[in-house]
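Listed below are the residues making up each chain.
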Amino acid sequence: MNAEAPKPVNSKLNSAVPSGPMAQKWDKHKFEMKLVNPANKRKFEVIVVGSGLAGAAAAATLGEQGYNVKCFCFQDSPRRAHSIAAQGGINAAKNYKNDGDSVHRLFYDTIKGGDFRAREANVHRLAQVSVNIIDQCVAQGVPFAREYGGLLDTRSFGGSQLQRTFYARGQTGQQLLLGAYQSLSRQIGLGNVKMFPRTEMLDVVVANGKARGIIVRDLVSGEISAHTAHVVVLATGGYGNVFFLSTNAKGCNVTATWRAYKKGAFFANPCYTQIHPTCIPVSGDHQSKLTLMSESLRNDGRVWVPKNAADCGKAPASIPEADRDYVLERKYPSFGNLAPRDVSSRAAKEVCDEGRGVGPIVDGKRLGVYLDFADAIKRLGENKIRERYANLFDMYERITGENAYQQPMRIYPAVHYTMGGTWVDYNLMSTLPGLFVAGEANFSDHGANRLGASALMQGLADGYFILPYTLGNYLASNYAAANPEKLSADSAPFRDALSAVKEQTNRLLKINGKRSVLSFHRQLGKMVWDKCGMARTEKGLKELLREIPTLREEFWQNVKVTGTGEEFNQDLEYAGRVADFFEFAELLATDALHRDESCGGHFRVEHQDDEGEAKRNDDDFCYAAAWEYAGDGKAPILNKEPLEFEEVHLAKRSYK
Amino acid sequence: MNLTLTVWRQKNASDPGRFENYAAKDIIPDMSFLEMLDVVNDRLVAEGREPIAFDSDCREGICGACSCVINGVPHGGHRGTTACQLHMRHFKDGDTIVIEPWRAKAFPVIRDLVTDRSAFDRVIQAGGFVSVNTGGTPDANCLPVPKENADLAMDAAQCIGCGACVAACKNASAMLFVSAKIGHLGLLPQGAVEQERRVINMVAQMDAEGFGNCTVTGSCEAVCPKEISLNFISRMNRDYAVALLKGRQPDRK
Ligand SMILES: Cc1cc2nc3c(=O)[nH]c(=O)nc-3n(C[C@H](O)[C@H](O)[C@H](O)COP(=O)(O)OP(=O)(O)OC[C@H]3O[C@@H](n4cnc5c(N)ncnc54)[C@H](O)[C@@H]3O)c2cc1C
Ligand code: FES
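Protein chains in written order, with my numbering: chain C, 384 to 1039; chain V, 16 to 268.
Hints are computed from structural coordinates only; laboratory data are not their basis.
Just so you know, these numbers come straight off a predicted model, no measurement behind them.
Treat the hints loosely; a few may be bogus.
Unchecked claim - Dumping the calculated SDA-like pairs for lysine to any residue here, alpha-carbon to alpha-carbon at most 25 Å:
id, chain 1, residue 1, chain 2, residue 2
1, C, 408, C, 485
2, V, 107, V, 154
3, V, 162, C, 536
4, V, 40, C, 667
5, C, 413, C, 491
6, C, 395, C, 1003
7, C, 897, V, 36
8, C, 922, C, 906
9, C, 869, C, 852
10, C, 909, C, 1003
11, C, 408, V, 185
12, C, 943, V, 57
13, C, 633, V, 20
14, C, 577, V, 148
15, C, 411, V, 154
16, C, 897, V, 62
17, C, 633, C, 1003
18, C, 869, C, 425
19, V, 185, V, 230
20, C, 767, V, 95
21, V, 40, C, 485
22, V, 26, C, 948
23, C, 577, V, 222
24, C, 480, V, 36
Claimed, not checked - Derived list of chain C stretches under chain V, where covered just means 3 residues or more per stretch with a C-beta under 8 Å from a C-beta of chain V:
id, stretch
25, 521-530
26, 628-640
What the hints assert, rightly or not - These stretches of chain C come out as covered by chain V in the derived footprint (C-beta under 8 Å, 3 or more residues):
id, stretch
27, 410-420
28, 557-565
Glycine included, C-beta positions come from ideal geometry on N, C-alpha and C.
Could you put together the complete structure from these sequences and hints?
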């Protein structure tokens, strides 16, 4: 790839949105889709890559339905997928609190929260099935929080004035994932799903224009092998680790969707990345990842910094009320401390850039704001706060050595979630027929910004309630169900893909340079964070587009990968992932440069109003940007899916 | 600070393995234990030596991937703390730290500090679930659950499946892990329906995997990063006894 200006071409994108009124599209589509006869399901091979919420839910459900399923993950157990770390909760339009919630309102909030950059029909369907998710999870034994009457408790979450978020202490992702993992385990035990842990997918195999299998490396033995299928699902999570420091688990990577991109699955909106406002600030150069403090803390904590830069080094308790600036309450009186993530993050960055940040000085700056619980403790008592957040306060203390019951927490924004991903149509199928993409890995439902507690909802919606229908429709439409054509793993497309993967692995091992993979990843991440993080400029992005290829070249000449390919080799795994981040980072910057507007998580400094709020440009950018791979060293091709808003009218997103 | 690490190195399952010493120089107290290992590994790579293999992913104490015995204690012995959440401020300049993998017959070593814990997955596959398919489930609020039961179920459900309980036990027993799942599901009406079948099948699989018996020394509870209580073991024993008395047999595979 290089940085020459992208050329827009006619759209090759068919969103496949069913006709009819918004609220009836999904039901109508479900009725119209073709079915696979139960007796024939076993004849279809389905590959699911990923065992997070989206992958585990899909693999379990498809197994229950009778398909012949193989599921892959790189961790030692499917239960350890990154979804396990989600803390805060999951949204659903149950309206159990009788506070005015409805499918339409959740739909509306998600479209608006996404800054009008998502496809309406997908989002509406998400809101519709949200209610089934909670029912499903409770039936599986997910121990959601309950009230004394024995019914489910809910709370409010960033970006919403309703209490529609279900939770299981501060470990909602863990409990939802264990629910899905248990269902998956049941199918594994029954022999309907074959699980391949510690196995990394390194390529998609395409035969006759369709995705027909994958190439994987067994991370224990190092063996590289091919698996055939009639349909491949990627549920491989997000790419936040392109920034090196993020709240994502260390293993999260872009390899699966990146390699699929190179095989014809367009990548959409990579510049939509979400920065989470409540993370523990960086403490030094050794830092390996950032830790999120759940956003639910913003229900009771108040964000402030000193009004005067001179006070920033002082003990917080010594700063009188009159000298404190409660930033979010001042700027956004109606949402206050619950303003959406992008808005809150930028507010924190602004005050720190003004020199009013708090905490230790790292790299010449204090990068932190206070999140203060003193008022809530006074009002509700320390016990109530302990009951709500004990595990988070404990975690904070373990990491910082500070007690947040006695002094305010320090927080700072960090990369958290990626809205961009593989472009998919209404059926969650990519531009490569037979390749479906679910969960954080696709671009579908959150537009330019995701609301809190909506990723878990989306992952489970995709896996439990959408893919099981749309996959069947694809199989029934493309194969003779009684005798679906099988390919041999020895056939040419598989052999070619296998040798290409082996070649890349050997190439990495042969460089034998001087610098560790880690040092390259750190440097790349810092570059991308500085110039394509919370605030982006044309100048910075152009510089970044020059810097990335230079560093990438050095990587390919000077990286040191120890060991061999025929053994358990974490250095080699990591090198492959970082190599893909290097290529992907360029697409991210290209997309950020081309989108000459501010929207949601994509903030272009050139486009803000007098008060520093993001300014969208609906005339020129009301579309999803789906990038098509044009070959190595060639500029990617931009395809546009125009977004039409029938139900929710385009309006400025305001949280004042 | 400067430390000495005595680390178990083992190339693969068939290598007998041995301890090797490494200097860990210029370690900062704010680093986590695994960040300290990252630093040591980075230096090993720079010298062209093979880095120490260890599992980790979330680095927030929730995924259960990290698993090393630090100075004889799984996860290093700080209450409710996994190795990834342990910080170097708990060590002193000049300390020698001994780092080993989980040691148990059911968890064979793959390399260095990395072990194969798939036995836990197979125990769950034998019965650690509620047998419901996707779809057709009743409204979530149709069955009220007393808050006390839901909270207690959550206490058990917090298990991260790291295996520290097995590593700490002199018999390498998996009773705390197994009883946590049985306790979690059995306390909820949704899971209680098949509790007898569950307990019989899970215990049979646990035995088949080669985990040892429980002699109630409590070392598992002491190292559990989620502080899961031994009471769940007593609960499981009761459920098991009831199932046996009713003549329940494990399902045949
Ligand atoms: C700290 C934190 C807290 C969060 N809290 C919330 C919250 O409260 N509410 C909310 O809604 N969302 C939350 N999120 C977001 C949410 O957790 C994620 O977006 C979601 O869990 C992603 O699920 P997934 O199934 O798409 O992918 P993941 O859970 O990331 O799973 C990816 C799977 O793919 C596998 N995989 C990836 N690449 C390969 C490959 N090449 N080969 C083989 N396997 C591969 C992995 O092994 C894994 O099994 C949080 C995120 C973080 C980081
Ligand atoms: S790395 Fe996830 S628990 Fe330690």
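Results of checking the hints against the structure:
no.	hint	result
1	C:408 <-> C:485	holds (17 Å)
2	V:107 <-> V:154	violated (55 Å)
3	V:162 <-> C:536	holds (10 Å)
4	V:40 <-> C:667	holds (16 Å)
5	C:413 <-> C:491	holds (23 Å)
6	C:395 <-> C:1003	holds (19 Å)
7	C:897 <-> V:36	holds (23 Å)
8	C:922 <-> C:906	holds (20 Å)
9	C:869 <-> C:852	holds (22 Å)
10	C:909 <-> C:1003	violated (31 Å)
11	C:408 <-> V:185	violated (60 Å)
12	C:943 <-> V:57	holds (10 Å)
13	C:633 <-> V:20	holds (23 Å)
14	C:577 <-> V:148	holds (18 Å)
15	C:411 <-> V:154	holds (23 Å)
16	C:897 <-> V:62	holds (9 Å)
17	C:633 <-> C:1003	violated (37 Å)
18	C:869 <-> C:425	holds (13 Å)
19	V:185 <-> V:230	holds (9 Å)
20	C:767 <-> V:95	holds (21 Å)
21	V:40 <-> C:485	violated (58 Å)
22	V:26 <-> C:948	holds (14 Å)
23	C:577 <-> V:222	holds (23 Å)
24	C:480 <-> V:36	violated (60 Å)
25	521-530	holds (count 9)
26	628-640	holds (count 3)
27	410-420	violated (count 0)
28	557-565	holds (count 5)
Checked against the numbered hints above, the structure breaks hints 2, 10, 11, 17, 21, 24 and 27 and satisfies the rest.
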